[in-house]
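J.: As a plain string of letters, each chain reads:
Number of protein chains: 2
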Amino acid sequence: MNYTTIGKNEVKVDAKAKATGEARYVGDMYARGMLIGKVLRSPYAHAKILNIDTSKAERLSGVKAVLTYKDTPKVPFNFAAFPPSEAAILIEDQYIFSDKARFVGDPIAGVAAVDEETAQEALELIEVEYEPLPTILSAEEAFKNKELLIHEHDGPKEHIDGNICGKIPAVIGDMEEGFDEADYIFEGTYKTQKAFQASMEPCSAALAEPDINGRIKITTSTQMPHLVRKITARSLDMPIRDVQIVKPYVGGGFGSRLGLVNEPIAGLLAKKTGQPVRVTYDREESFYTESRHPATMTLKTGIKKDGTFTARYMKALVDTGAYVTHGPSLTAVLGGWFVGMYKSPNIQLDGYTVHTNTPPAGAFRGYGNPQVAFAVESQVDEIAEELGLDPIEIRLKNHPCEGETWLWSKMPIESCGLEECIEKATKRIGWEEKKNKEKKEEGTKRRGVGFGYMMHVSGAKPELHENSSAIIKVNEDGSVNLTYACSDIGTGSATALSQICAETLGVKFEDVVITQDADTDTAPFEIGSHASRQIYSGGYAVEQAAKDAKDGLLEMASKMMDCSPEELETGDGHVYLKEDPERSLSIEEVSFEAHFGEHGHQIMGIASTEPPGNPPVYAVQFTEVEVDVETGKVDVLDFVAAHDTGVAIHPPSVEGQIEGAIQQGMGYALTEDMQYSDDGHPMNANFSDYKVLTSVDMPDMDPIVVEAASETGAFGAKSVGESGLVATAPAIANAIYDAVGVRIKELPITPEKLLAAIKEKNNTEGEVAAATEQVASTEE
Amino acid sequence: MNYTTIGKNEVKVDAKAKATGEARYVGDMYARGMLIGKVLRSPYAHAKILNIDTSKAERLSGVKAVLTYKDTPKVPFNFAAFPPSEAAILIEDQYIFSDKARFVGDPIAGVAAVDEETAQEALELIEVEYEPLPTILSAEEAFKNKELLIHEHDGPKEHIDGNICGKIPAVIGDMEEGFDEADYIFEGTYKTQKAFQASMEPCSAALAEPDINGRIKITTSTQMPHLVRKITARSLDMPIRDVQIVKPYVGGGFGSRLGLVNEPIAGLLAKKTGQPVRVTYDREESFYTESRHPATMTLKTGIKKDGTFTARYMKALVDTGAYVTHGPSLTAVLGGWFVGMYKSPNIQLDGYTVHTNTPPAGAFRGYGNPQVAFAVESQVDEIAEELGLDPIEIRLKNHPCEGETWLWSKMPIESCGLEECIEKATKRIGWEEKKNKEKKEEGTKRRGVGFGYMMHVSGAKPELHENSSAIIKVNEDGSVNLTYACSDIGTGSATALSQICAETLGVKFEDVVITQDADTDTAPFEIGSHASRQIYSGGYAVEQAAKDAKDGLLEMASKMMDCSPEELETGDGHVYLKEDPERSLSIEEVSFEAHFGEHGHQIMGIASTEPPGNPPVYAVQFTEVEVDVETGKVDVLDFVAAHDTGVAIHPPSVEGQIEGAIQQGMGYALTEDMQYSDDGHPMNANFSDYKVLTSVDMPDMDPIVVEAASETGAFGAKSVGESGLVATAPAIANAIYDAVGVRIKELPITPEKLLAAIKEKNNTEGEVAAATEQVASTEE
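If you read the sequences in order, they're chains A and B.
Reminder that position 778 of the first sequence reads as 778 in the UniProt record's numbering, one-by-one numbering, no gaps.
Reminder that position 669 of the second sequence reads as 669 in the UniProt record's numbering, one-by-one numbering, no gaps.
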């Protein structure tokens, strides 16, 4: 198609502001009379609070409020901001402050004071009498232990059992029958770790400003202004009407801002003091907010000789930490990824979500898919090797195809670019040359290639009810304001949505002004930036609103040009006669006449809607690694990611999303791991000890964008926000196996684990080469 | 009608914020890195600028920019923010800074510096070489003097002649014939002064914040965000797209914020420095901004014995000061009031607008009507007395009536409550008892009663194309956000529009949240707060948007209740079956289901439209005064104002508008007068010397609200914002005549003028009573 802006490398609407530092984040903001709020946190992983004495803190000059469980609205809520839905298992087990601490770092009290120093001093003056309780740190123990309960849950009975807060069964076909039909059965257990989103802007800051009418305006770094409004109101026991959420620039989200962070604490402190209060969590405190769920996945796969799956089973044990938050819902979605990835007549899932005395887990780019992809794609490679099947063929044989209904979402698969992805990626990485290369068993550096495949969604439908809205107004100069409660968390969605608006309406890209600061008072409802949904779902709403505005333009122009609206079309800032494009009016002329001519009116367009589908996206990611068998260190040399994203609205953003996600996925694969001492203290809640990969750690990266257009997305768009992370860890694990013949089934693949495994393999095989011998001796 | 909120005394939406000081005005605002802008003003009323040397000022530490005519975009503009229209005579004769000064106080240069002291010091370091020119201060001289030109106008030739910048003829019928048919002809000349709006918030403050994308956000105290966006963009030679206007609370307008004040200066300084700049005019500087046009009106009226007018003629000389601004348009509208006030088959107007070397005049509550009402209502009383006619009867005989087309607007007169107004007001003031009371010619205090009649508009149609817009969204809790670019300048319009929204939609008043800070990026187009148009025109748009949203609610509810939308109605937060009101759903339930049920969407309503009509309003205002014949001091003892406002949406605001306008009208009648020395320096540019009446000066006031419903306004509303000022001065002048038998034809009626007139009358009549003798002797 010959588009004006779709597919073009427009300068991102927020690029200059972010690059120059002009962009303001909540932590940069001040309000008149603003207080600083700080949070006292539990030093125990599990303890009853017998008493809190705040009197000394309250007497400190400059302290305006000290709040504890005694001051907390007695309304339970859940930090996860789901739209109400049957699929969202919303157990409410949180209070702003509670009389029980369930993890080291659990908020116990909040202080508002005139400055940070005073607030800090006040925290130190709060005297808390704790009764420490035994702790549960492992999911396995939590699953078994029915005596020591972290919660006495009120939740739905079918989900609650001891420390289990989510039981998610799923059955398709008859698994036993499926295994009976299998020629081979493979079984294995894979484990993934607790990982941290590590957005650039610490998670999180909220500035709450109460007003004399009883409303509270909270400026907060969030991925979902409207849903955060809803649960903030609940947490504060206020009507939704009285809460206004404003989202300024957001310094990265990755799921960490998918729900509440400290809006309720800031709000409560503001409500009690009657003054604005800003609460900013520092980097260490951010490690106490929601992270990625650790999962233990036991897979059992039945397969015929020809490579067809007959039965697929997963038991998943998902650790949601101290509070339910997303736990059961994530477990269900994690099951969905498993179910949807490969076809089989018989599939079964037993998912369990358990509590441990660790910080709560929540949403993180991929939302269960990275865990599942690591497990499944590791096992499929094992199967292929064991049966002597081509690892690409086995995937092509079993993946869901265009025209089918995808088992995950029960939505039509509108297009599938997987084969093109594979073709391009294998060519680029040199798969044919490298895959069967005989391994030199000499030297200390061994190279290998591997890949992973994945599917992902373009929205949350039908698990959650989609709902995006947009308001477009055409100004008297032909420029356009687009009001959309978009949380562009760095993905480029504000730019792409502006392109969709411009192209649909026929105006120039630079004539679209999108409102960056989504304000729930003026921006219409939107369920937020998650499920990779902004371009498909949000884009659909923007497209519909733009069509609505376009109808208004054509109608106005038809009066001016004395023809019917049907004879007209728009493009590049003009309305023209289809039959004679030379006969045209500028959109400025049309809009000016609408504003100031007879029957003065501004041409507007609105839409609030869910999109018709939820087309899945596909990706294959290939990598070449080099393993140092003396140190266990893995160097990722090359990374080729081929993604079927649908039509790329803003190609640089699409490539940027893929590259950034790979970087995050590599950390997940190799270095990132939130660790806790035996008594539940975080061991690495900082960026020195928690190793996030940076640009210098990056290999050559080659995002290949395959544009298998969706039928229903705006201009054929699907999604890309999360998919790059998903198949990164299995690609690396498979490449490591290719390099050194050992398979690590537990993320991250640290040098320690890899070295131990190499050693064990060599010992087992009794073939101790000189090089590894040397390694072993260094180890002692 | 049995309304839920219409006609109820709701707490004004801004009352608490304003009463507690929580409401922020532009002068209260700070932005990061904000500079203070100040303006150098001409000390000459008329001078060429030969050179400006800014080098010393620029070298001063802390000074970021010094701008003069050399830095000004070479785009002429007009401070008056009219929507483009044939009726708006938009001569563009202003630049941000010019090389000619045309009044004392004319901005010559602008400075932006790190603080106010530095900016002030920099102003003093600017060296300007002036060539002083002779000045013209009186309109009469300006009319005649074709040699000394204040402007070399580029404007339309039919309007420009020497210092005349507007020639406004109007002819209905044949005036000569009309005078031939008359039994009597009356002629007289009436003069009104230059008066100051004196809003509480000094006029004006603008905070301009440039961004890295080339846009400028200007937070400004304005009555018309969108039109100010338009001309600010023009003045800065920028696209409208790149200007964003945000209107916070406004501390009174009265017309003074009907167009540009200092937005261009703040914008230009911000653009040049790349930093936020706030320019705040102090009280003295506010006296250099637009005020009320002085007018000299010569009336000639032909009348039959029975009191019917046969011909009406006015020659008006209107002084617009140094720049055109509203001048010719105001003169045209002033003519309109004259034409519309009383019927006559033959009416003629010769209106002239002239320049003088005084600060420009602009819009001020009434917009020409107070001038005309003073002239006409004085003369009609003279006629009635001379012919022995009842002053009420002569008005009732000649006023335009319901069902007729009003000559002013050519719009239907939808309703007329004048007779009811007269009936109630005469009863309350005791007209019958007081009017024919024989005057005691003893003592020094003489009482008299008088009244004035007037008509006013409910909008600007068809002179200007009306255009108001509203966006309504219904939240998941059934509350409603109303986005409307409303400048509630203290009139209560935000409250009344919220009531219209609530009543139309069927929600509770407190569940409507109206956006106070109109932002042109998110709020749809609106031509602003003027022409008393907010409730009629703005209310119509809000009503239409609410109907649109209501349609969405009924449709959603009909699905839930399994019926047709036509069977349903809304009220008091519910949707119910008309036939069986017990069967109902709360609007919260309906909206919740819309948001989160199948086909998730937020119910919204939009409208952008002009209203069908422009129904005039009527008022009669009666007063009783006491004149001290020794001092000439006038005490207003009682003021009874009966206004046909249409249905009063928010009665306390309606009464408040009437009372406030009377207070302003009393100042106009008695004390307020902007005076200049012979060389054009203001003599009383402060509140010590320019006497604004305050609450302690007020008499008993009794607003009587007559609700002759309009056919087209929301719930029958018409208007009230300006009308209370209009007939105040003639009522007082007529009452003074009744008290002491002298007629002052020049406002304000100061003790000096009145005393001189009393003396002259006594001398002329040769009847020097003891009391007045004493007065005369005191005078010597």
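Simulated from the structure, these hints should not be mistaken for lab results.
There may be inaccurate statements among the hints.
[Unchecked claim] So, partial list: chain B residues that the calculated Cβ filter (under 10 Å) puts toward chain A:
| # | residue |
| --- | --- |
| 1 | I172 |
| 2 | E176 |
| 3 | S468 |
| 4 | S469 |
Bear in mind the structure is a predicted one, so any value in this text is a computation, not a measurement.
Think of the CB as a built atom: it goes at the ideal place given N, C-alpha and C, for glycine as much as any other residue.
J.: If a hint holds in the structure, say so; if it doesn't, say that too.
T.: Structure-based check of each hint:
1. I172: Violated. Min distance 24 Å.
2. E176: 36 Å, violated
3. S468: 9 Å, holds
4. S469: At about 5 Å, which falls below the 10 Å cut-off, the nearest Cβ of chain A leaves the hint on S469/B intact, so it holds.
Violated hints, in rising order: 1, 2; the structure is consistent with all others.
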